[in-house]
Every structure is written in C-alpha cells, then in structure tokens.
Amino acid sequence: MKTCLIVDDSKVIRKVARHILEALDFSVSEAGDGREALTHCRQTVPDVILLDWNMPVMSGMEFLRALGEEPMPRRPKVVFCTTENGMAHIRAAIEAGADEYVMKPFDRETLHSKLQIVGVA
Amino acid sequence: MAGIDSGSARVFAALLEARTGQRIAVGRSWRFEAALGPLLQAHSLDRVDQLAARLIEGKDKQLADRIVDALLNQETSFFRDAGVIEGAVEAVADRAPLRVWCAACATGQEPLSLAMLFAEAGGTMPEIVATDVSSAAISRAREGTYSQFEIQRGLPVRRMVSWFEPAADNHWRASATLLGAIHYRRHNLIADVPPIGEFDLILCRNLLFYFAPHQREQVLARLAGALKPDGFLLLGAGETVIGQSERLRPSARARGLYERVPDPADSNRVYTGR
Chain Z
1145 MKTCLIVDDS KVIRKVARHI LEALDFSVSE AGDGREALTH CRQTVPDVIL
1195 LDWNMPVMSG MEFLRALGEE PMPRRPKVVF CTTENGMAHI RAAIEAGADE
1245 YVMKPFDRET LHSKLQIVGV A
Chain V
661 MAGIDSGSAR VFAALLEART GQRIAVGRSW RFEAALGPLL QAHSLDRVDQ
711 LAARLIEGKD KQLADRIVDA LLNQETSFFR DAGVIEGAVE AVADRAPLRV
761 WCAACATGQE PLSLAMLFAE AGGTMPEIVA TDVSSAAISR AREGTYSQFE
811 IQRGLPVRRM VSWFEPAADN HWRASATLLG AIHYRRHNLI ADVPPIGEFD
861 LILCRNLLFY FAPHQREQVL ARLAGALKPD GFLLLGAGET VIGQSERLRP
911 SARARGLYER VPDPADSNRV YTGR
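Each protein sequence line maps, in turn, to chains Z and V. Sequential numbering of the first sequence, starting at 1145, is according to this note's numbering. Sequential numbering of the second sequence, starting at 661, is according to this note's numbering.
This is chain Z alone, in the form it adopts within the complex (with noise of 0.2 Å):
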C-alpha cells in the first residue's frame, strides 16, 4: 500500500482529501502546517506529498525547500495542491522541485490523474 501525507491547515480540505486518497487505496498521514510535515518526514518518508501553499507556521514553499535539505533514504513524490493557480506560482513550484500541481477545487479524477502521472498510482 503506497502512503501520502496530506499537509493543509484546513481539516475540511484534508477530510476530502483523505476520502478520495483511502478510496484509491493509499495510506494516509496528516500535517496541518510545513513544520509537522517535515516532522513526519524525519520520522517515516511517505510515497507522496500533497502540499498545500498557504499555510501558517511554514508555508508549504518553505517547507519543499526545507525537505530538498533533509537527508532521505529517498525522496518523496511532491505533488502542490492549492488555490494559487496562477501561471507564476506554477513555474515557482517546478523551479522548487515540485513533481506535480493540482489546481484546487478538484475532484477525484484529478487527482487520481497527477498521482499516475508521477507513477505513485
């Protein structure tokens, strides 16, 4: 069973989230913030990230920079979800080394759809 941590500081968008993750059969983990995300990391690195932007504490920006600093046995699948839809926060997440970015709102097809496309699904 392949694993992703949910980092997003809304429960609601993590319930939705966690729904169509448990239904695609992964394992999942939550983080409300970059900081627990990276906590969790340190501690088991999952398959996949679903990354928020905006959020308090540190940013889901702060906390990819932070994660390409940590040492890994090996790296996890990032895959940005958020409402910064824009054609300049999508390149800033590429040039950060995002591996795939979904465009909130989004449904399960979508995002079953970036999972296959960075071979975690």
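Derived from the structure by calculation, the hints contain no laboratory data. A quick note: this is a predicted structure, and the numbers were derived from the prediction, not measured. Built from N, CA and C at the ideal position, the CB exists for glycine as well. Certain hints may be false.
Claimed, not checked - Under 8 Å between C-beta atoms, here's a sample of chain Z residues computed to sit facing chain V:
| # | residue |
| --- | --- |
| 1 | Val1156 |
| 2 | Arg1158 |
| 3 | Trp1197 |
| 4 | Met1231 |
| 5 | Glu1244 |
| 6 | Glu1253 |
| 7 | Lys1258 |
Please build the complex by placing chain V on the supplied structure of chain Z, with the hints as guidance.
Same frame as chain Z, but now just chain V:
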C-alpha cells in the same frame, strides 16, 4: 429506470444509430437520462419522454443534432494510455512529410497530445487531421480551450505550462503551434468517405465497441483504405482487428499497432511479396 419509458429509449437509440451507427444497449438505457439532463433543463422540460415527444413533433430542426451530440460519449483526457500513444508516435516520428488521422477525436485532447509528442520529438510537425461525428465536440476542439478540471486530466504540469496559457474563467488555451498543426472537421465514419489522402498513422480509439459487428468491419475497411501501405493503425485498449477485418493485421514492425494486409495494388510501392 424512473424517468424514461422504453418507447422513448427506442426513439433516442434509433436516432443515435441512424446518425452515427453507434448503439446503446438496452441494459444501458440509463445513459439517456444521464446524458440528456442538461438538454431537458435548456428546454425547460421535466422528463425525458417529453423531449422524445418534442423530437417526434419535428418542429425544432436542430433538436435532433443536439440530442445526438448529448448522447455521444465524449469521455477523453490528455495522454490517455500515454505509453501506447508514445509508442505510436515513435513508430512514425522519423518520417517526413507525415500525415496523421485522429478519428473520433472528441474535444481534442488526443490530437493535442499527439501534437505535443511530435513537437517534443523535434522532427517535422505532422499534418494532423482530427475528426469526430459530433459538431459540438469539433467546435470545442477548434477553440482548444479547457476547463481547470479538463486540463488536469492526464496532462503533466510541465507540459501544461509549456503548451498552454491561461484564459478567462479558469480555463487554459492550447498554443497556436499546437492548434496550427491540427485540422479539425466533422466526419461520420459510417456515412462519410475518409479524409483525402493516405495516412502514416491513424488513431481510432475506444469507438469500435459502440458499433454493431457489420459496421465495425465497415469502419475498419475504411480505416485500412486510408492507411499508407506502410502506415499504422492504433485502436483502444481491448479493441482488436482480429476476427473483425480481413484487411488489417497486428504489425510485426511495431508492438500494439495494426497494419494493412498487403494487396496487389501495394506491390509497386512497399510490399515485396515475401
């Protein structure tokens, strides 16, 4: 089913088959209600049988077209079965000039996927002829504009930023380079003669199973006739020419593709007779 009687279902099924050759099995008549819902709203009707009655009245000359468009399954996405499409492109990418026919192209995601692959392969951009029986689908395909949900189905984000630009209302529009390579036209595989000329590659995916066996054979014969002697045909997963056509066979040159069975008319071109 709650909202459609068998008489109305037969009216819609007969219209669809007469116009396109495609069949909806009796056991799948729920599709009528699901597909025609938006049309009911547009015509301020409550039930599907009211729509059937209005169709039979014949006063609205465009109603039949709109019903057929609504009933056609336009399910598609970018890079559907990506590995298979990449293999087909690879099989012909070094040819020049190069002609590709994307039959049953729906709203254009498949020909755009092909255009991206050919452009990225760096060779000659092919002439891509993309056809569909639905004039509404062709109209949308020509616009090359996709909703936020459509653009995210199958299209990797790097390709999205390379080949599309933001448009109004959270839509994304394909680049002029891609759209310029594709010639869209309405075409009925059963009733119309194929586009002029022969093709190096023809894609006709996930359509054959909507046809009756004799029409499947007819469509495959037309596709075979439109292939160059050394051309390839790509069908959908689960579709085959085996047992359906005497004029096509699995290709020994490219896995997963079909080719013409050589006939005497080909002997002066590439068929060696061996």
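Failing hints, ascending?
-> Of the numbered hints given earlier, those the structure breaks are 1, 2, 3, listed in rising order.
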